[in-house]
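Participant: Protein chains in written order, with numbering that gives the first Met the number 0: chain A, 0 to 251; chain B, 0 to 251; chain C, 0 to 251; chain D, 0 to 251; chain E, 0 to 251; chain F, 0 to 251; chain G, 0 to 251.
One thing to keep in mind: the hints can contain errors.
Claimed, not checked - Okay, derived cross-link-like pairs now, BS3-like style, lysine-lysine, Cα gap no bigger than 25 Å in a straight line:
1. Lys85(G) to Lys25(F)
2. Lys29(B) to Lys86(A)
3. Lys85(B) to Lys25(D)
4. Lys181(D) to Lys205(D)
5. Lys85(G) to Lys139(G)
6. Lys85(D) to Lys106(D)
Hints are computed from structural coordinates only; laboratory data are not their basis.
Each chain, letter by letter, is given below.
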Amino acid sequence: MDQKFKFSPSVFGSSGTVEQSSYALKAVSKGSTSVGIVASEGVVIGTATRKTSELMEPRGMQHVAPINTMIGMAYSGLSGDFRILKKHAQRCSIQNNLSNGSAVKVKEVAHCMAILMQEYTQMASARPFGVSLLIAGCDKGVPQLYDCSANGTHSTRKAIALGRNAGICTSFLESRLTENLKIEDAIDTALLALKKGYEETEAELKEGDGDDEEEDPMPTEVIQIGIAYPEGFECMDSNTVDEFYATSTYLD
Amino acid sequence: MDQKFKFSPSVFGSSGTVEQSSYALKAVSKGSTSVGIVASEGVVIGTATRKTSELMEPRGMQHVAPINTMIGMAYSGLSGDFRILKKHAQRCSIQNNLSNGSAVKVKEVAHCMAILMQEYTQMASARPFGVSLLIAGCDKGVPQLYDCSANGTHSTRKAIALGRNAGICTSFLESRLTENLKIEDAIDTALLALKKGYEETEAELKEGDGDDEEEDPMPTEVIQIGIAYPEGFECMDSNTVDEFYATSTYLD
Amino acid sequence: MDQKFKFSPSVFGSSGTVEQSSYALKAVSKGSTSVGIVASEGVVIGTATRKTSELMEPRGMQHVAPINTMIGMAYSGLSGDFRILKKHAQRCSIQNNLSNGSAVKVKEVAHCMAILMQEYTQMASARPFGVSLLIAGCDKGVPQLYDCSANGTHSTRKAIALGRNAGICTSFLESRLTENLKIEDAIDTALLALKKGYEETEAELKEGDGDDEEEDPMPTEVIQIGIAYPEGFECMDSNTVDEFYATSTYLD
Amino acid sequence: MDQKFKFSPSVFGSSGTVEQSSYALKAVSKGSTSVGIVASEGVVIGTATRKTSELMEPRGMQHVAPINTMIGMAYSGLSGDFRILKKHAQRCSIQNNLSNGSAVKVKEVAHCMAILMQEYTQMASARPFGVSLLIAGCDKGVPQLYDCSANGTHSTRKAIALGRNAGICTSFLESRLTENLKIEDAIDTALLALKKGYEETEAELKEGDGDDEEEDPMPTEVIQIGIAYPEGFECMDSNTVDEFYATSTYLD
Amino acid sequence: MDQKFKFSPSVFGSSGTVEQSSYALKAVSKGSTSVGIVASEGVVIGTATRKTSELMEPRGMQHVAPINTMIGMAYSGLSGDFRILKKHAQRCSIQNNLSNGSAVKVKEVAHCMAILMQEYTQMASARPFGVSLLIAGCDKGVPQLYDCSANGTHSTRKAIALGRNAGICTSFLESRLTENLKIEDAIDTALLALKKGYEETEAELKEGDGDDEEEDPMPTEVIQIGIAYPEGFECMDSNTVDEFYATSTYLD
Amino acid sequence: MDQKFKFSPSVFGSSGTVEQSSYALKAVSKGSTSVGIVASEGVVIGTATRKTSELMEPRGMQHVAPINTMIGMAYSGLSGDFRILKKHAQRCSIQNNLSNGSAVKVKEVAHCMAILMQEYTQMASARPFGVSLLIAGCDKGVPQLYDCSANGTHSTRKAIALGRNAGICTSFLESRLTENLKIEDAIDTALLALKKGYEETEAELKEGDGDDEEEDPMPTEVIQIGIAYPEGFECMDSNTVDEFYATSTYLD
Amino acid sequence: MDQKFKFSPSVFGSSGTVEQSSYALKAVSKGSTSVGIVASEGVVIGTATRKTSELMEPRGMQHVAPINTMIGMAYSGLSGDFRILKKHAQRCSIQNNLSNGSAVKVKEVAHCMAILMQEYTQMASARPFGVSLLIAGCDKGVPQLYDCSANGTHSTRKAIALGRNAGICTSFLESRLTENLKIEDAIDTALLALKKGYEETEAELKEGDGDDEEEDPMPTEVIQIGIAYPEGFECMDSNTVDEFYATSTYLD
C-alpha cells in the first residue's frame, strides 16, 4: 500500500455500507442505459443516450469506445468520469503489451479498472467514479463480458444492463437469452432491450411533465453499438445500426 | 492517476449527484448569455454581457477569445475562472503543436478542457470551475462546435445557448435553425438569440426593482462575436457587430 | 511507526469502540457466507455467493483464492476490498520466500494480513477493509486455520463461519464437529453449513418480498471450495463440488 | 495547474455563488472609499480613509502606491492584504521587465493581479484577499484604468468607485463625467466624489451613535491622490492635495 | 519534535480531558481481564479471555508474550493494537541491546512504550492505542512490574488489574497481598483474581441474556500466565496452568 | 506566493470580517495595557501588567524589549505569542543589517512584522497571533512610532494605547498631547495614561468581586518603560521608573 | 517560521481566548499539586501525588526530575505529556552546553520550554501540552524559579503553586513567605502547602463519596521534593522527606 494516500471521503456508514459507493451507484442508475450480451461468437455492448435537445448530436460523443483492437468498453453514469477511466484502460492495455509482449486479456483490463475504482472507494482523496463499465472482448476466440461497478467490484456476465431502467432491460434480457445465441440475434436483443429502457425513461419523464402525448419510438441516432468479434472489436457505423434497428423492431 | 491529489471538496450527495458540480452549473446559469451556431462554412460564437454601470467598458474585456489562429472560445459563468481556462487552452494548443507538429483539432482542445474540468469535480483540492465553454473552429474546413460543461462533460452541438436565460435562447435557436445555414444568417440568428436573452434578463431585473419602464433595446456594445472560418478564427470588430446588429434586428 | 501517516477516519466513539471498525464488521456480516473447518489431514474453506440474476456467472469470480501453492484464502465482505488483500497476501508470501529462503507459514500470512488490516483501523488515511478473511494451509503437515477480522484481530480456529447468517452456520458447525474429522467429512460439513446459511438468507429475502414460494435448494454453482492438503492448496473444480454436494445433501 | 494546491476553503454554495468570494467583497465594501477616473491625458486614483483618532497620522500609511515609475495602485478593503498584493504587483512588474526588456503594460499588471486573486477564490489553501484594486497607468500615452475585484474578476473602466458608500460615489461620477475630461477636472471630480462618500459615512456613523451634531467637512489629510500621466505615475504631495481640495469644494 | 506530524484527532474537551484518551481507556475496560503481581522472587502476569465459541482455540493466540528472554508483556484491550505494540517493544529491546551492549531494563521498555502511546494521544495522526500493558521482568534479580496506560502514562505497581471487572480483581488483590509474597502464592492469587473477574463477567453477560443458569466455573484454557524469574521470563505451559488452577481454586 | 501553505483556519465570516482576526483582537483587548507616545526628541513606550499574586515578580518578565540597539517593542496580548514575534523581529533586524550593510529602519521592522502577522490571518495553517505591537525608534534622529495589529495592519501614530481599557488611555492621551512634547513630559503622560488604565481595570475587577474597598494606587513595579532616543533604545531601570512615577502622579 | 506546520487544532474562540489553551489549563488544574519556593540560598520544588490504590508505588515514578546537575523540574498535569517535555528540556540543556561551552541558565531552559509549549497552542498539528512546569536552579549562586504554563507563557516567581487546589496552597504561601527565607524553612513551607492542598483534595473527594470519616493525614510517600542549591540540584531521598515532614507538621 502506498503511504501517500490522504484522507478519503469514503468511510463506512453505521449500517456497514460505504456511503460514497452507494451514492456513486445512484449516479450510475441515473445515467444512460447500457447493455451487454455474450453471443456464441462475440460480445455485443451498446448504449442509448437521451437526446435532450434537437441541437445535440448524440453520435458526436463516444459512448462505446475501443480500448485496443480487441477490446471495447461501454458505460452508464457520468461522462466526464468515463473519459478518465477510458484513458486509464488504454494505458493499462499498452503497459500490459509492453511488459508481457502479448495482448492484454479482457479479464486483465477488467481487473485493472476494478483495482482503480476500488481505490477511489477506500483510499484516494476523491469521490468514487460515478460510472459502471461494460468491458467486452474475445480471448483466444472465447467471448468475454465483464462489468466493473462504481463500488469497485467486478464480475463476469452472460448479459447485463446498467443505468436508467436497467431493471426493465434485465428482465427483457433474461426472458430472451438462450444458449448459443448468434451474434445477429444478440444485436437485435440489445437493440430491443435498449428500446424498452429508452421508452420507459421517456414515459417517466413525460409523466413528470404531466404530458400525455403518445410515446415516440426511440430514434436510432441515440444508439451506439460495439461488437467484440474473435477478430477484433469494432464500433458499428450508424447506417448499420439503423438497418439492424429497423429489422429488430420489426421482429419485436 | 497522480497520487498527489488531496482531499477534494467534491463528493456525492445522497441522491447520486456531485453537489459542487451542480452548484457550479448554477453559477454558469447566472452568467452572461452565450450562444454558438454551426453554419455550413463556419461557426459563430457570441456573448452578451450586462452593462451594470455607465462607467463600464464592456468591450474592454474579452468574452470571446482566440485560442490560436484557428480556434476560439466563448463562455458563461465566472470571468475569473475563465481566465484560467483560456490560459490552459492556449497552453494545450501549443503543446499539441510542439509534440504533433500539426495544428491542434477543435476536438482535442475540447477534450483537453473537459479533462481539466472533470478533474476539479472529482480529484483536485479545489471547487470545480464555475464556467461552461463554447469552443469553435474548423478542422480541414469542417465547422465544429463543442461545449465543455462545468461538470466535466463535453459534447458536440449544431447550436447551443449557455448562461442566463439559456432556455429562451435555445428555443429561439431550435425554431430558426435550418440545414446549410449561411454564415451571415448564423450571425443574425446569434445576435437575435442574444437579444432575446438580454431583454428577458433586463425585464426580470426591472421586475425585481418594481420598475415599470419600457424595455431598452440591447445596446450593441455588450455584444462580442467570434467566427471560426475555414481560414481561421477571428473576433468581429465592433463596427461590424453594429452593422450586423442593425440588419438583424431589422429582420427580426 | 512511519510518520507519514495522515489523519485517519478511524477514531474512538465515546463508548470506547472504534466506529469504523464496527461498521466494517457490519459490511462483513452482510457479505457472502464463508466457512472454514480444520480436519485431521487438511483444512476446508468455502463460500456460497447469492446469485442475484440468471445472467450472473458466479463461478467466474474467485471467492476462494490460492495465495501460493500451499495456502489459500476465502472471505466474506466487499469483493473489491478482497482483491486488494489477496494481492497483498501474495506479495507477503513472495517477500517471505525471498528473505527467508523457506515457504511462508500460514501463521505468518495471517499475521501479515492482520497487521495491514489493523493499520486501516488506526492509522491509514482510509476506511478499514470491509472484509474478514479465512486463511488455510498446512505447516509441516499440520492443518492450520486462521481468521483475520476487519477490525484487525486474528485468531486460530477449529472451525468458523463468517458473513451473512454466520450464526446459524456456526451452530451447525458446533453440533457436527468431532475430533479427528476426516477431510471428506469436513467437506460435507462445510457444504451443509453453507447450505443452511444460504437457505436462511433466501428465506429472509423472500419474506422481505412478501413472497411465499417454497424454498429452492442451493444451486451448486454458487459454491466454491478450497482444500489445504499437507501437499498443497487446491481449489476444487466444479464437478467435484457437484459430486460432494449431491452426497452431502443426501446425508443431511 | 500545479498539483500541489491543497483543500481550498472556497467552495460553491447551493445557489451557485462562491461564498468566500462574496464575503471578501463585503470586506471591500466596508473599507475606505477609493475612486478612479480616466481623463483625456491621464488617470486619477484616490482614497479617503476615516480618521478614527486624533492620534492617527493617516498620511503616514500608503493608500495609493506606485508599482513602478509608470503605474500606480489604490485599494479598498483590508490594508494587511493590500500589502501582499502591492508586493506581488511590484515583483510582477520587475519580472516582466526582465523577461520582455520592455516596460510592463497596465493591462499586464491587472491581469497578473487578477490571476493571483482568482487563485485564492478557487485553489489556494487560504481565504480570498479582502481587497479590490484600482490600477492606473498610461500605455504609449493612452490612459488606462483597471479594477481587480476580490472575487478574481478584472475589468476596464472610464471611472469607478470602490469601498464604503461606493454607490453614492458612482452616481456622482456618472452625473459628472464627460468626454475629454481634463486632468484637473478629473482631480476635482475625484475629490468631490470622495467627499460625498466620506460625509455619508460620517453621517451613518453619527446616526449610529445617536449623535446629532452638524457634519464636519472632510479633512484633507485623509485623502491620498495618485496621477498617472503619460510621463509617469506620481503620488500627489499633501500641499497640492490641500490646494486642489480647497478649489474643488469651492466649485461644488 | 518532528515537524512532520499532521493534525491529530486527539484534542482537549472543554473539561480538560483528552477525549480520545478517555475513550481508549473505555476500550481497555471492555477487554479481557489481566493481572500482574510482584512477588519477592519474580513477577506474575496473566490474562483470562472469554471463550465466545466452542470453535475458538483461546490458547492459540498470545495474550501473554515475551519481549526478550527476560521481559514479558500482557494486555487488556484491542488485540489488533496489541500486536503493533508488541512488535514495537521487541524492536525497542533489540535497539537498546545494540546501542548499549547490555540487556534492556524493564523500566526502559515501559518508558519506550509510554513514549509511543503518549504520542498517539497528542501528536500522531491516528487514534490512541486501545490497549493498556503490563510489563514484567527482573532487573539484576529485582522483580519489576510496570503498567503503560492507553492514555500515555506509566507507573510502577506492587500489583494491578486491568480490563473488564478490574475493580473486583483489584479489591481482591488488595485484600490478599502481603509483603514477601512467594512466587507460588502470587500465581495462586493471580489465578483467583482472574477467576473473580471472569465469573463476574459471565454473570453480567448472563443477566443481560435474562438467563438464570448456574455459573460455570472458569475453564483453564482461557487463562495464560507468564512469570518473570530473575533467570528469565517464561510463559507457563497449559498443563502447569491447569495444575496451579486446580490447587488455587481448592485453596479459595 | 509560496504554494506550500496549507488550509488556514482564517476564513471570512458572512459579514465580510475575518473571524479569527476579530477574535485575536479581542485577545489583545484583554491583555496588559500598553501605550506609546512620540515626543520631539524620542519615543516613549510602556506597559502596565496586572499583578495577580504577591508571589509574582512582574519585572522579571520583559514586556518592553529591545530589538536592536536603536529599536524597541512593547505589546498587549498573549505573552507566549509575543515571544515568537520578538524573536522574528530580532532576526529581521539582523538579516537587514547583513544584506543592506546599514541599520534597519523602524518602518522596515514594522513592515516585516505586519507581513508575518497578516500571513497568519490569511495563509498559514495556524491561528493569527493574539498580540498587537508598538515599535519605537529614531531614524536619522526622527522619532517614529508604529503599531502592528493582530489583524495584520500597521500604521504610524503620534500616540496610541492598546490592550485593556485602551479607550480610556486614548482619551487621556488625546487630551494631553501637544506639539513638540518634551521627552520627560511624554514619560509623565505615558505613566499617567497607564495609571488611568490600570486603575480602571482594578475597579472593574473589584466590582466583579462585589468588593468595595478603596482603589489602591498603581504599584510602580507593574510598569515597564522603554525610550527610543536618537542615540538608541533603552529600557528604563526600575529606580528611574519609580522616580518618574512619583513626579508624574504628583503632577496629575 | 517553518512553512511545514499543518493545520492546528488551536484556534481562537469568539471571546478571544484560545480554547485548546484554556482546556489544557483545566487539565493542569486537575493534576497533582506542585509548589515552588525561592529561598535565600536555593529553590525548593515539590509535588504531592494522590495515591489511588494501595498497590501503587508513588515514589516509583518521577514527579520531580533533574534536567542536568544544576536544574530540576516539577509539574502538574498529564504525566505522559511531562515525559515528552522533560526529554525536550534535557536535550535543550545538552545542546546549549555544546554550542555555548557553558552551563545552560535556568532562564534559558524556561525560555526553551515556553517556546515549545507556545508552538503547540498556535502552530503544531497537535493539542497543547496538558502540563505546567516549575523549573528551579541557581545561576551563579542566585536562586531562580520559573513557571512555564500550558498556554505558552512563562514567568518568574518568588513562590508558586500549581494543579489541584493551587489556590489554597497559594494563599498559604502568601501568608508564610518572608524575605531571606532559609532553605529549611522553605522546605517546611513547601511540605505544609502540599499538605493543605492534599487534605483539601481528599476532603473534596470524600464529600463526593458521601463519606464522612475523619481526614487521614497526608502520607509522606506521596511527596517528592527537589532542591536547587547553588552547588547543584538534588532530589531529596525519601527518608529525608519523612524527617522534614515530621518536623514541619509538628511546627504547623
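Participant: Does each hint hold? Answer for all of them.
Facilitator: Here's how the hints hold up against the structure:
1. Lys85(G) to Lys25(F): violated (34 Å)
2. Lys29(B) to Lys86(A): violated (33 Å)
3. Lys85(B) to Lys25(D): violated (28 Å)
4. Lys181(D) to Lys205(D): Since the Cα atoms of Lys181(D) and Lys205(D) sit roughly 36 Å apart, the hinted pair is violated (cutoff 25 Å).
5. Lys85(G) to Lys139(G): holds (23 Å)
6. Lys85(D) to Lys106(D): With a Cα-Cα distance of about 16 Å, the restraint between Lys85(D) and Lys106(D) holds, given a limit of 25 Å.
When the structure is compared with the earlier hints, violations turn up for hints 1, 2, 3, 4 and for no others.
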